[in-house]
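Asker: Chain residues, written in single-letter form:
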Amino acid sequence: MYDIIIIGGGPAGLTAGLYNARARMNVLLLEKFAPGGQVLNTDWVENYPGFPEGVSGFELMDRMKGQAEKFGLEIRSEEVVRVEFEGRRKFITTNKETLETRALILACGASWKRLGIEGESDFIGRGVSFCATCDGPFYRDQEVAVIGGGDTAVEESLFLTRFARKINHIHRRDELRAVKLLQERAMAEDKIKFIWDTVPERILGKDGVEAIELRNVKTGEISQKAVHGVFVFIGTVPNTELVQGLLNLDDAGFVITNDRMETSVPGVFAVGDMRSKGFRQISTAVGEGACAANRAEKYLESFQES
Amino acid sequence: MVDILQVTDDSFEDEIVKSDLPTVVDFWAAWCGPCRMVSPVVEELAKEYEGKIKVAKMDVDQNRQTPAKFGIRNIPTLIFFKGGEVAKMIVGAQPKSSLEEEIKKLL
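Just so you know, the protein sequences line up as chains Z and P, in that order.
Adding 65 to a residue's 1-based position in the first sequence gives its number in this note's numbering.
Adding 5 to a residue's 1-based position in the second sequence gives its number in this note's numbering.
The shape of chain P in the complex, shown without the other chains (with noise of 0.2 Å):
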């Protein structure tokens, strides 16, 4: 288990628009089946791209206002981000090698 980064509406500004690095952010929910399904692999794809993507996950219980912001009605989603823009935005679970395609599109 790695400890990924939840970001919170506060904070989401500083840590994915202004990122240095490209990131994904993982829109979850405790009660989402699916979510829970994806989070291990969101895990893994954060210990193996340290470094070089910054990977960070969004409680929507918590935070209205980032995924009212880009539309979200549907979870999981993940957002990838590149100079703080959306590249791409993936919703439902995927498998990991597609989620890693998109990885590699923005390094």
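Just chain Z, same shape as in the assembly (with noise of 0.2 Å):
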């Protein structure tokens, strides 16, 4: 019986593990890869406080996970399969073994969204790409999509310059979401050409990308753009399968907390991607860690009163 476990080895969940640690609770943290989370998917991480020269992505979740192993967070690579509630009882099966814990802290992060339109599934691995940082060196000197208006889609395009020979960055306002930082990079950068009002409408090719069908929203207007890669960030889905049923969530599908980081369920906390909130950013995951580690020792306190 442990009297935390936390699913998810993300910056939300790494930093709920360290102060669950350094607290001396008996804290196991279940992730199904290696820890890290989306974060290892970014080249460069320059808003997060303490690196003024930026830090790269794997630098940083290296460096969260040795900070919470010192303490004594135990990490095991374990994929969770369910969760069951029985009054206050929680029972976690993972592909190996049944746990049961007092607290539970869900930071299960989210994955990315897909468009949803024809080609986009039979060409993911030969041409379809929702990560440049990994696959942006296969398309050296060619011409590629990007897809999205925010910061993520618009850092992809900056580091996509390095390798391919010109971006199409697709959007289907006539601004971006983005920070303005980046909005400026991007400006200034000969290879990325902005398509405004638009939305990429079918992705065709033989065996592999060859073109991007595009709509644009205000004229209606159809055209195709040779492409060989499409990369595709439009934002995320929380991965909340484990939960559907047993949690309040939103209509997204994001949990729904209160400030303290407290579902619907006594002694179980969300944080991070996954939870419903307007702004997802590492800072603010880390945060939340540190407030559902501080409350889950709160709630185990309050029980053995009790």
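Please note: incorrect hints may appear among the correct ones.
Taking lysine to aspartate or glutamate and the EDC-like style, the derived pairs with C-alpha atoms no more than 16 Å apart in a straight line are [to be verified]: (1) Z:Lys161 <-> P:Glu105; (2) P:Lys23 <-> P:Glu90; (3) P:Lys62 <-> P:Glu48; (4) Z:Lys363 <-> Z:Glu327; (5) Z:Lys161 <-> P:Glu106; (6) Z:Lys290 <-> Z:Glu266; (7) P:Lys74 <-> Z:Asp272; (8) Z:Lys161 <-> P:Glu49; (9) Z:Lys342 <-> Z:Asp315; (10) P:Lys57 <-> P:Glu106; (11) P:Lys87 <-> P:Glu106; (12) Z:Lys161 <-> P:Glu53.
Keep in mind the hints are simulated off the structure, nothing from the lab.
Join the two chains, each given in its own frame, into one complex according to the hints.
Answerer: Structure (structure tokens):
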């Protein structure tokens, strides 16, 4: 029996683990891959405080993991397949075992949202990508398309300028949502050409991506652009399959909590990208992880007194 | 940590195509975050299925011919071979359970 089990080893989960381990709780963190989460896809992090020169996503997560382990956090590489609540008891079943815990911190993160258009699924691995930092080097001197208007989309376009000959950056509106600094960099980059008010309709090709069909949302005009790669960064979907029907979720499937990170079930907390909120950053995930760790400890104290 | 066999464009034919055992090749690169996420899973599988399957890794940065031959444009990509033929190709980070399912099909 654990005091606290944390599911997910991104910034939110590792921070909760760090705080709980340091408080000498009997805590376990479960992660199906190597810890790090989505930050591992980030080439360079320049808005995490304490690193004025910036830091690579790898290094930042390696440091967070090392710091949590230094205080004794146990991290197990197991995939959680089922979560069950029976009164106050909480059971976590992984691909290897069933564990019981008094409190549970969910830090399962989010996954890339797909476009849901024709050709997208068929060409994953053959031109459709959700990770420029992984796949960019396969597109040396080629023409590609990037879809999306947020920070991630613009960062990935800028990263692709190292490899691709030309980047057609496609956005459904006529302005970006990304922070101004990133917008300025992208506008100053000759290789990036913005195509505004436009959405992708189909991804075309034979053995791999050859073109993308576009529709101008204002004029309705359909056009095609010859590209070898389509990079999709249109937001995320929460990894909340495990708790569907168990916890209150918002319309988009994110877990609803109060400002103490408490979900609709006592002793169950949710933090980071899977939580219903407006802003998803490493710095916010870390803060929520610390908060949930503290509230989980308080929950266990009250539990013992009663 | 297990020492995983590293294959190259030169050794691919002998180590993988001509292998008596079914093989799994993890195509990766140092720059790729999700590759780092799956590598501990691949290492575990190598240990657990030692003697039954051969697990290898190929650095796509050092070896350009083999990834191009299989049309690889995303990493991580895992290719499962049986009798030198491609039995299954998995693109992107997948949990251990789905990789194990594929391995079991090869045995």
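Asker: Would you mind marking each hint as holding or not holding in the structure?
Answerer: Now the hints, each set against the structure:
no.	hint	in the structure
1	Z:Lys161 <-> P:Glu105	13 Å, holds
2	P:Lys23 <-> P:Glu90	10 Å, holds
3	P:Lys62 <-> P:Glu48	10 Å, holds
4	Z:Lys363 <-> Z:Glu327	12 Å, holds
5	Z:Lys161 <-> P:Glu106	14 Å, holds
6	Z:Lys290 <-> Z:Glu266	11 Å, holds
7	P:Lys74 <-> Z:Asp272	13 Å, holds
8	Z:Lys161 <-> P:Glu49	13 Å, holds
9	Z:Lys342 <-> Z:Asp315	10 Å, holds
10	P:Lys57 <-> P:Glu106	14 Å, holds
11	P:Lys87 <-> P:Glu106	15 Å, holds
12	Z:Lys161 <-> P:Glu53	13 Å, holds
This entry satisfies every hint, going by the numbered hints stated previously.
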